[in-house]
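Chains B and C: place on chain A using the hints.
Protein chains in written order, with the UniProt record's numbering: chain A, 1 to 240; chain B, 1 to 366; chain C, 1 to 290.
Incorrect hints may have been included.
Covered stretches of chain C, going by a simulated chain A footprint (3 or more residues, C-beta under 8 Å) [to be verified]:
#	stretch
1	42–49
2	75–87
3	91–101
Straight line, CA to CA, 27 Å or less: simulated DSS-like cross-link-like pairs of lysine-lysine [unchecked claim]:
#	chain 1	residue 1	chain 2	residue 2
4	C	Lys19	B	Lys349
5	B	Lys349	A	Lys108
6	B	Lys153	B	Lys259
These are computed hints drawn from the structure, not numbers from a lab.
Note that this is a predicted model, so its numbers are computed, not measured.
Cβ coordinates follow ideal geometry from the N, Cα and C atoms, glycine included.
Residues per chain, in single letters:
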Amino acid sequence: MDVISPEGLRQDGRTPTCLRDISCRLGLYDRPNGSAYIEIGNTKVLAAVYGPREVRSLSKQNLDECVIQCEMSRIAACQGERVRRPRDQRTRALSLQIAGVFHAAIRKTKYPGSQIDIYVQVLQADGGVTSACINASALALIHAGVELMDYVVSCTASINKTTPILDVTQQESVTGCEVTVSMLPNKGSVVSLDCAHTLHLDQLDEVVDLAMEGCQQIYKVMSQEVETYLQDKNAVMSHQ
Amino acid sequence: MTPYQQGNKSQVTVSSSSSSHPGVWLVAELEVSELVCASVRRIALHVNTATTTGKLIFGAKREAGLGTGEEGGKCGAYRPWWVCKRPPTSVLSPQERGHGTYMEKGVQVASVAGCVTRVNRLITVTPLRQVYQGAVGDTVVGRITRVQNNRWKVDVNSRLDAELRLSNIQLPGGEQRRCSVEDERDMRALLTEGDLVCVEVQKICDDGLLRLAARSNKFGKVSDLHGQGSLARYITQQIQCLTASTLVAVSPSLIAQDKQRMHDLPCGARVVFGANGYVYITPTVPQEQASTYIVNFEEVPVEVRKTIGRLRNCLKLLAHHSIMISPTSVMTAYDTSIELEFEVRDLLKLDVMQDVALAAVQSMNK
Amino acid sequence: MADITLSESEKRYIVDGVKLGLRVDGRERLDYQHMEIETGLVSTANGSARLRHGCTDVLVTVKMEMEPPPTHQPKDGLINFFVNCSANAAPEFEGRGGEDLATSLSAMLDGLYASPMSLDRSRLCVVPGKYVKVLYVDVEILECGGSLFDTVSLGVKAALYATRMPKIYITGEDGGEMEFMVSENPQEVDRVDVSNAPILITHLRITENLTIVDPSPEEECCGPVQVVVGVNPKGLITATQQFGAGTFAPQTLADSFKSASALGVKIHQQLMQRLQQEENVPNRKIRGFW
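Okay, chain A solo, but in the shape it has when bound (with noise of 0.2 Å):
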């Protein structure tokens, strides 16, 4: 079957350049000092964060800047086929990236000899699910009142023949390539591009342009999900 139909529809019935419906939440959970959940169509992601805190092994403390650290784990049932280890090289190759990210965004010097443990929960994954566990992080740190340059928005976006496609599902990733970017929305600068599967160096502009577009969008609606959040709480917190 095609990716994009005759009509120039998607099989979901987007148009190539269209997102999949986003909702996030902010705060689920008291115990971590922040948490979010994010939806991107089917896609699903809980993020945890705690800290900034003393270092648990003294052995990784900087006295320069933080250390952040992240685990990313899966249900058991996120995908069509049961994941039978919750972590695995690949989410932890994931990991890494994400920590990553996060070690360019985090005001790292404003917390010399701490520690940030990022965790995120893969609860579905229906394609993207790198940048929705970087969006759930960056509004998880977000809710934690952790110190940042800038949000991290992060999208997926593809190439269907000669048609670039945004935010691509787990069934039109396997037909082409998924190129990942991560950036700070108001900065307007990368901060992480990854791409699976081959990619024309000639199409390569027209697709990080476009993710970078969707980043803009999602970011949108992150931003108006924080300020809803501020102003329900907000509101009361006003009473002094």
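Relative to chain A, chains B and C alone:
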């Protein structure tokens, strides 16, 4: 489902009715003479960096791209990154950059999402949830996490465990006494892992480590007479004021600024509102017996326990709904919950929590 | 479970409160906190349930697979439990940190469902000796705030109740290989009979002969030993296990069993009522993590 989520919705309605309290949410109360700030809208302001006249124009910083451009001029982009351009004449000294902001190309940018406060030229952004930042002179409640050579490590909900040096607590023999090797050996008898202390922040070290002190009589071990050795007994008798009870941890941003941290509430409990968000509730000790009286735990009667339990649950529900925690708000919630005839354990239910929080906010607004 | 250290005085306050019959948060000894439950929120699983209970949050998913049965029980399906303590719940669970807790939880669940009285496995058989249905029950601990055993067992029961397995028809045999047809009609489903599925009730010993149910993490800090009792809907005890370092007086144990059995019947009723109520909502919208 319980109306767990619907809670937020109905709170918004309350908020709109309480609009007599403007200006806290993400709005800097800027002086008009210095910066023209026309909006009291509760939105984040994003300033056009192109302006050089010292006026604030709410618009998008980024010209091209999605969304924000067309709203320019009216209200800012919906983003909690608070940006403010200084008049060209004013040079920012480092002290003027408050917590939660950083400078980028001469523009002050918020690094957290929260509420903006401004004192003279100092602009700070306080997030709803955060770890304790620390300020010299704050009274905090902490829990001992480790006993080391001549100091204790104390968890005060900050990004590094604070330290309490042996030399910084009052030892038997008056303030002038120097601590001996023997004292060092007895440290564990004084305070051990898990003990609660009520102390003052004495100094913030360069790396952000908080150094605590308990020199005056009003500070000390939040505990009872269980340490062995005369030293411990001495100290606890000195500080007796805090006895067995219970601790509630909330976000430090929710604790209202107050000079006095220890309050004897009319309902018959003493509450210590630690600036770090740790709130400690104990039964009130009768004044006349204050210096010698040691509370026997068996004697904390059911009635007092009910009061403390209700206070604890009230604190939790206030924190759950992000209502500032002060003696007034706690007492209002306490009285409201009695008025509405809720049992102490009813206050654990999310819907009841919401009802009480709403009613408490309403009665406070009156 | 959680890394809380309390001072002696806080512990005494909790213990004395239990002696007086009033716990720190105002509950009595045998009071449970309220729970929230939702089923069917993971669409990639055959059945799923999320249970929030106080500060504990678990997500249970059930996935059905077809596998050859073990040789000694050719006519019985299988049910496998796998528990994972997510690091989201507590940073101590990072890496392999939660494995000990996870193992004791899954072992307890295994024991609970081992008896044919709890779950009729023969109904999971497709072709005797060749293919049986295997139910993989995966439990994810998302937040950990006391009384995990109880919450997990309730979650498992709810998820099993919500499990819908497509009907399987044997269409023929081709050289020893069976051919199946899996029904795609969402109405044609098999369900798991949970009418006898047991749940766990934990009693935490606080002092000599006083136990409490549904302890908070602070209370767990004060009582070193707990007894976990499996109770079926009729109030019969199906499995017990003692955890922690400490001892029970035989009389206390007997009392705990008795109260667990009585409590269990009540909780079973409430759970089933709640699940049936949820099922009967027409076009129910999944609330998920909202």
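Structure versus earlier hints - violations, ascending order: Of the numbered hints, just 5 does not hold.
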